[in-house]
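Taken in order, these protein sequences are the chains called A and B. Numbering-wise (the numbering used here), the first sequence opens with residue 1 and increments by one. Numbering-wise (the numbering used here), the second sequence opens with residue 1001 and increments by one.
It should be emphasised that the hints constitute simulated quantities derived from the structure, not laboratory data. We treat Cβ as the ideally placed atom computed from N, Cα and C, and that holds for glycine. Take the hints with a grain of salt, since some may be wrong.
Stated by the list, open to error - To give an idea of the chain B side of the interface with chain A (calculated C-beta under 7 Å), a few residues:
(1) His1047
(2) Thr1052
(3) Arg1055
(4) Ile1056
(5) Glu1130
(6) Leu1134
(7) Ala1138
(8) Ile1146
(9) Ser1150
(10) Trp1172
(11) Thr1188
(12) Val1190
(13) Val1199
Stated by the list, open to error - Now the in silico label distances, taken between C-beta atoms and shown as ranges:
(14) A:Val39 with B:Gln1087: 48 to 56 Å
(15) B:Gln1087 with A:Ile41: 45 to 53 Å
(16) B:Gln1203 with A:Lys104: 57 to 65 Å
(17) B:Leu1094 with A:His46: 55 to 63 Å
(18) A:Pro239 with B:Glu1139: 40 to 48 Å
(19) B:Lys1092 with A:Val39: 37 to 45 Å
(20) A:Val80 with B:Ser1133: 36 to 44 Å
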Amino acid sequence: MADISVQEPFPISLIANRYLLFDVNIVTYARREHNICGVLIGTIPHLSQQNIFLGIPLELMPEEARLLVEKGHAYIVEDVESHKSGFLEMSREERLAFLQVMDKQGRETALSNKKKAEERSEKALQRKGLAGKAQESSPRVSETAELNTRAYTDADAETSLFDLPSGTASPIFSQNSIALEPYFITPTTSYPPLPIPPTTPTLSLPDVPRTYPLFAHLHSRGYFMTPGLRFGCHYTVYPGDPLRFHSHFLATGADWDEEFNLLDIVGGGRLGTGVKKAYLIGGADTSSKDSRSGGYSDVGDGVRAFSIEWAGL
Amino acid sequence: MAMESPSKALVPAPSALTNLLKSQTPPSSHPAHLHHLALQIQHNLQHQHGWTALRIHTHSPVNHTPLQRPLLSGLPPHRLYTHPDEQAELLKELERRRKAARKSGISADSENVVVPEPEREWVLPTKLNEKWSLGRMAEVFDGVEIAPPSGENNVRDVSEEESGKQGNENKWKQTKRIVLATVDEDSTVVYYIVHDGVVKPRQN
Chain A
1 MADISVQEPF PISLIANRYL LFDVNIVTYA RREHNICGVL IGTIPHLSQQ
51 NIFLGIPLEL MPEEARLLVE KGHAYIVEDV ESHKSGFLEM SREERLAFLQ
101 VMDKQGRETA LSNKKKAEER SEKALQRKGL AGKAQESSPR VSETAELNTR
151 AYTDADAETS LFDLPSGTAS PIFSQNSIAL EPYFITPTTS YPPLPIPPTT
201 PTLSLPDVPR TYPLFAHLHS RGYFMTPGLR FGCHYTVYPG DPLRFHSHFL
251 ATGADWDEEF NLLDIVGGGR LGTGVKKAYL IGGADTSSKD SRSGGYSDVG
301 DGVRAFSIEW AGL
Chain B
1001 MAMESPSKAL VPAPSALTNL LKSQTPPSSH PAHLHHLALQ IQHNLQHQHG
1051 WTALRIHTHS PVNHTPLQRP LLSGLPPHRL YTHPDEQAEL LKELERRRKA
1101 ARKSGISADS ENVVVPEPER EWVLPTKLNE KWSLGRMAEV FDGVEIAPPS
1151 GENNVRDVSE EESGKQGNEN KWKQTKRIVL ATVDEDSTVV YYIVHDGVVK
1201 PRQN
């Protein structure tokens, strides 16, 4: 397993009221170190209808984001705002440096593609017994490419998309530009070119549903939670990583004095037992008296939970 | 139409349950309907599920204040709940016994299962159309001990014997549990085990 070092606190992007993680290292880290799974929502651009193979970004439940922020492992970044200000206020030097990096990438890609094409054609020629001809032509091409690379390095500024004071154009560049067109790279990440945005302490904690105390309670006991819609509950609770374990509980959160129908208990208990799980209902004890006397909560967060299974009678 | 006129003669005899309810005078601590609910569940457990040593508790064994509603305690004919860890232990025990039997040359077909001793259970009688909350549930749990007290003054021999056996408590029973008995209007009763806390499910 690759060693991933992630610097804490890491940023969580807030975009359109969704909490997203875009860095695969952070996604792996949050899952391994903090038992936070989230849901991968990134699809494949040319197969956008499928939802079997999903990748980054990872969407976090508000509860997960809140928990990470509360524990000091992460912070929320208003991503739209930080993009706007980041790109508008970017200094000229930073911009040029980034453009040069993009150009370099474009040239390298063009070069490697060209090489591949040459290899292919050489192979094809060899198969037809015309290898001699290919050998004859190849050194010339690579020489040209090499020359080109040098030429572009000199002319970096000129190839940028942005208008720059002219006059730096080199004569070599104009001579050889026809031989190898650099590819235009579309940047796929914002960090870089933007620096990792700083902590904004003014941003309030993520809004969470009232089931949050139960979520935090279970999380503090080492459980993994995923959304529970598939089982008609708030969270599906796993005793370890969901890739390795079946879930143990179908958890539903409630306020301390919130009334529920017994039919919900019966239905949840029956469904849970049918899929080898227990139905779990819990919430934070908000009554004023210290009701932890005979209570279960040993973590000290005042949350009490009840596990329900079919009795088999 | 025709069934109307001789109706008086054809009124069916009251059910056993009705007779039971009529014969009992509810205690002053709780409203009659709660007491009748407990009796109905007791009747069901006794006659449909073969429970013994059933008792109605009106006061908490913890602090002797009146309970939210009368609770029942009783002994099921078989162990009602086996913790998954205990189950694993029992299976290991069975394997050990089998090996020992094989070594000593006895064909051990008799030892197919290790049956755990039945345990007394708390029963919470409820009606399906009731509303409950976490607070009330917690109150019920706070009012009971881990193991229900076995019969008091009118002790039957069986229950005393059982209680003697259970003097050495089941070490797997670490949390309170209550059997939630829910009765519908058609008098169907369903039973669910409610644990006080996060207790992993059985692997049945």
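For the pair Val80 (chain A) and Ser1133 (chain B), does the Cβ-Cβ distance stay inside 36 to 44 Å? The hint (36 to 44 Å, Cβ to Cβ) holds, given that Val80 (chain A) and Ser1133 (chain B) are roughly 41 Å apart.
Take the shortest C-beta to C-beta distance between Ala1138 (chain B) and chain A; is it under 7 Å? Check passed: Cβ of Ala1138 (chain B) comes within 6 Å of chain A, closer than 7 Å.
Whether the CB-CB distance between Val39 (chain A) and Gln1087 (chain B) falls inside 48 to 56 Å: With a Cβ separation near 34 Å, Val39 (chain A) and Gln1087 (chain B) fall outside 48 to 56 Å, so the hint is violated.
Could you check if Thr1188 (chain B) really has its C-beta closer than 7 Å to a C-beta on chain A? 11 Å, violated
Quick check on the hint: Ile1056 (chain B) CB to chain A CB, less than 7 Å? 19 Å, violated
Regarding the hint that Trp1172 (chain B) lies at the interface with chain A, is the smallest CB-CB distance below 7 Å? Nearest chain A Cβ about 15 Å off; hint violated.
So, as I understand it, the hint says Val1190 (chain B) touches chain A; can you test that by seeing if any CB pair is closer than 7 Å? Constraint on Val1190 (chain B) satisfied, holds at 6 Å.
Is it true that the C-beta distance of Gln1087 (chain B) to Ile41 (chain A) lies inside 45 to 53 Å, as the hint says? About 40 Å separates the Cβ atoms of Gln1087 (chain B) and Ile41 (chain A), which means 45 to 53 Å is violated.
Would the hint on Glu1130 (chain B) stand, with a C-beta cut-off of 7 Å toward chain A? 6 Å, holds
For the hint on Ser1150 (chain B), just tell me whether its beta-carbon gets within less than 7 Å of chain A. Result: violated, 20 Å to nearest chain A Cβ.
Hey, does the Val1199 (chain B) contact hint survive, CB to chain A under 7 Å? 4 Å, holds
Take the shortest C-beta to C-beta distance between Ile1146 (chain B) and chain A; is it under 7 Å? 10 Å, violated
Hints 1, 2, 3, 4, 8, 9, 10, 11, 14, 15, 18 from the earlier list are contradicted by this structure; the remaining hints agree with it.
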